[in-house]
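Chemist: What follows is the residue order along each chain.
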Amino acid sequence: YLGQNIMERKAEARLASFKIVELSESVVDPAEWGKNFPRQYDSYKRTVDIERTKHGGSDAFQKLDDDPRWRILFKGYAFGVDYREERGHAYMLSDQDITERLHVVKQPGACLHCHSSVIPAYRKAGKEAGVPDAGGFNWPQVMAGFEKVCAMPYPEARKLVEHPVTCGDCHDPQSVALRVTRPAFIYGMRALARSDDPVPHMPSVERWRKGSRKEEYDPNKEASRQEMRSFVCGQCHVEYYFKGPEKLLTYPWHKGLKMEQAEAYYDEVKHVDWKHAQSGAGVLKAQHPEFELWSQGIHARSGVSCADCHMPYVREGAIKISDHHIRSPLLNIARACQPCHNYSEAEIKARAETIQDRTKAMMLRAEDATVDLIQALEAQRKAGVSDSALDKAFALHRKAQWRLDYVAAENSMGFHAPQESARILAEAIDFARQGQIEALKAK
Amino acid sequence: YLGQNIMERKAEARLASFKIVELSESVVDPAEWGKNFPRQYDSYKRTVDIERTKHGGSDAFQKLDDDPRWRILFKGYAFGVDYREERGHAYMLSDQDITERLHVVKQPGACLHCHSSVIPAYRKAGKEAGVPDAGGFNWPQVMAGFEKVCAMPYPEARKLVEHPVTCGDCHDPQSVALRVTRPAFIYGMRALARSDDPVPHMPSVERWRKGSRKEEYDPNKEASRQEMRSFVCGQCHVEYYFKGPEKLLTYPWHKGLKMEQAEAYYDEVKHVDWKHAQSGAGVLKAQHPEFELWSQGIHARSGVSCADCHMPYVREGAIKISDHHIRSPLLNIARACQPCHNYSEAEIKARAETIQDRTKAMMLRAEDATVDLIQALEAQRKAGVSDSALDKAFALHRKAQWRLDYVAAENSMGFHAPQESARILAEAIDFARQGQIEALKAK
Amino acid sequence: MAILRKRLLGMTLPGLLLGVLCGMFTGMSAYTFYFAEGLSYLSNDPDACINCHIMNEQHDSWLKSPHHNVAVCNDCHVPQGFFAKYYTKAEHGYRHSKGFTLQDFHEPIRMKESSREIVQQNCLRCHQSFVSEIAGHESGNGETPDCIRCHSQAAHGPVR
Ligand SMILES: [Ca+2]
Ligand SMILES: [Ca+2]
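Chains as they are written, first to last, in the working numbering: chain A, 1 to 443; chain B, 444 to 886; chain C, 887 to 1046.
Chain A extracted, bound-state conformation (with noise of 0.2 Å):
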């Protein structure tokens, strides 16, 4: 029995992968795939799960009921309404159905951008708009679909598409290699690349920058495989905002992947995102900036990608895959951590934790500091001061409001760069006050 086990395990080794069905860019099915590499479809099923960690987890319970203090924050806009702690990708195009920001403002359909398996619909919109056919992933013609279902009504596009994100978002179907395949990743890169922000993460923006910069910087020519395992996640968890009338996805990485400089961006195009119904300020919202916060971190800088912590390795008897139960890492700490570090499982969760509680100890300071403000504008309007002089109050409301969104919309609480968190945090509570004191002293 014994002998016959390690027999199986060396025969294991070798047969990693059989090919059983032909695979190309209009497989969309995961099922199809499923059966050349079963062990991924195996774990990729498994993100319909449920399970909370402290601060994160899978559990979509309504973030307003859990702190009332955001309905306050999200005043006359569809945020105030709705807004659910995320869960795995299984659902990411059903909970887009459901959620009630979608009842009570009229979407774009750029919102399947990023919650859906998009691109064969892309490509039969930028058909449409003209673009020939062509073998392969045909670039022109999935640009251009973008374009078209960007500004689709949301109910029209959502028509077009069938699946949360699967196989092919990620991988090339003929040699299962990494690949990005989002426009608005694509053109976000683009402009980073230009911009001078460094970036010692990505060593391969940094290596197009010395070069005669003829050609855009392009990740799937580029990057390194390291680099690709965090960069189709950057396909999705990122700030975005929708640019003009056209509803274009917009990645706001023109000046560099820091907080101030998205909003530097922002103010420069003069972007609002709503007109808080409480404080009259223009004010921003901040989504998901995952890749933008983790850039900022000391993992990112010491190589360390997405891929690794939340899709780490798992021993299948003699081959090593992926997990593709994509998840909170907490959840699966002696693949996700401890090849790295050497600590208990147990004290890797507390310092871990550590980190999120003082995250959030602080969050909640600038959550009370930015409704103090709200309220101290709501108050001066009421008493009838005129909007002219309160100017100097909503400009600080809307500094205060887009830092703290910023680390609370992001989704590790602090953990994918603690000090940078406590930074943006510290400057929303300066602003908040300021803006308080601004809005007192105004006649």
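Because the hints were derived from the structure by calculation, they are not lab data.
One thing to keep in mind: the hints can contain errors.
[What the hints assert, rightly or not] Once the Cα atoms are required to be at most 20 Å apart in a straight line, the calculated PhoX-like pairs of lysine-lysine come out as: (1) A/K382 - B/K886; (2) A/K320 - A/K63; (3) B/K886 - A/K443; (4) B/K803 - A/K258; (5) A/K54 - A/K285; (6) A/K441 - B/K884; (7) B/K567 - B/K602; (8) A/K360 - B/K701; (9) B/K567 - A/K443; (10) B/K591 - B/K686; (11) A/K243 - A/K106.
Mind docking chains B and C with the ligands on chain A? Use the hints.
Modeler: This is chains B and C with the ligands only, laid out in the frame that chain A set:
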């Protein structure tokens, strides 16, 4: 040739240390110790060197000129007159003699606990206080003498000492094993052990807490060698105050090592360092809480001691010794950091400075906020607002000033615990701005 | 080492041999022993260790380390006294084969406390004179600094 070289080195290795002189408690002069341990003595003498780093180093420039906000922040206190960057151990006694702080205020003998090789003086004073002689270190005599010398006027006590910190302050003269000799540290650690603040980086304390607790915690008996490599520094690199009219040097660790635990202790004993000359609030001065802040950082938690970074091993011929040239590790990155961090020196330096730059930016923000509060209070008092109406704002000034100074007085510019430093500064900003609001509202 | 010495002192010579034999024969059937190249444990060749693919990572990282041309696995991972050596080999042989067969071990693989002590003693064995001044003072608490704390990369290279 190679063979011969190796033979030579092996010979050298055996002569690592000769016993040339007989050392005992009464041998204070480091030159005598240096006869047995010439390598350590040579490096020890190099603490006279002067070199600057971006945020540290050993150039004793005037901090009040470097950033004049501190003249406002320290108004009415000796530190407002003379406050310099600290430098090497060789200067500790002479720098104390020349500081203006000693001339503008009457200081007690307590200062010498940390600025000189004071134990023989304690022993002498203890004897005069009636504690009999005994062989060896004679703790009862030292403890009694400590109380007496603390209470003496500085000029009188100064005559009892001759040397800055020397070998016997950290080493047993017989075995050269590490030991702690400072009464205030012994008392401080006793109080800390009796508190319930978790100290995962001090396993011997955690162990003592689980025992009978009949005898007090004694670092010299319980601590591991690795803990001692930080405890010898914790004898002096700590926050302190002079308790009562006896000026008994005391470390405020009764509730724990964290910033707010020291504050809670001071609040409880109603300690006030001085009444701020401009704001009128009764505020606290923080002093070099390196040991405490290091305790909150990831290095302490990983078992990395002060000596690991500030006294790294250095190769001397065929043996390695501890570098007794204690200084900024950023002047010695190859030895201080590279054994554990496999990046280039430039990269390690960039990482440390990124942390420090962020801390500095937050610190300046906290300085501005606290100065604004001080000026708001001054304005209100000048306008005739009563002190009782300003009570809340005074309390907030005390809190803000304590937090700001805690990070500013700590000497690593946040490096010893980056996120914790940021958290403290975030609170400083919040309390300062809240104080400003209270001051504005007061009538 | 202290632990091991204690363990060994409590054993008679026949007891030791029995331990070795038990390790070989209860842990593995003779067939398994042959097929998994169980004799690996008795050889000094690092290739012997990677008969178990489980050891690939350590092997690869060892190849990148400054030690790969001066020390093989056994120089660090087994004690050098004859009895201690074969006792350890048997004990590891048993435990690792069992782990490998049942696939019930913790991953990533971590050294047991006793294995750490063996390694530490081997560092000292080769570097005794170089560290004589720091490795323990004649009296005092005599604890030796944990070499691995600072030098884990010396054995298994930079990237683990
Ligand atoms: Ca979640
Ligand atoms: Ca200095």
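Chemist: Report the numbers of all earlier hints that the structure fails to satisfy, in ascending order.
Modeler: 1, 2, 5, 9
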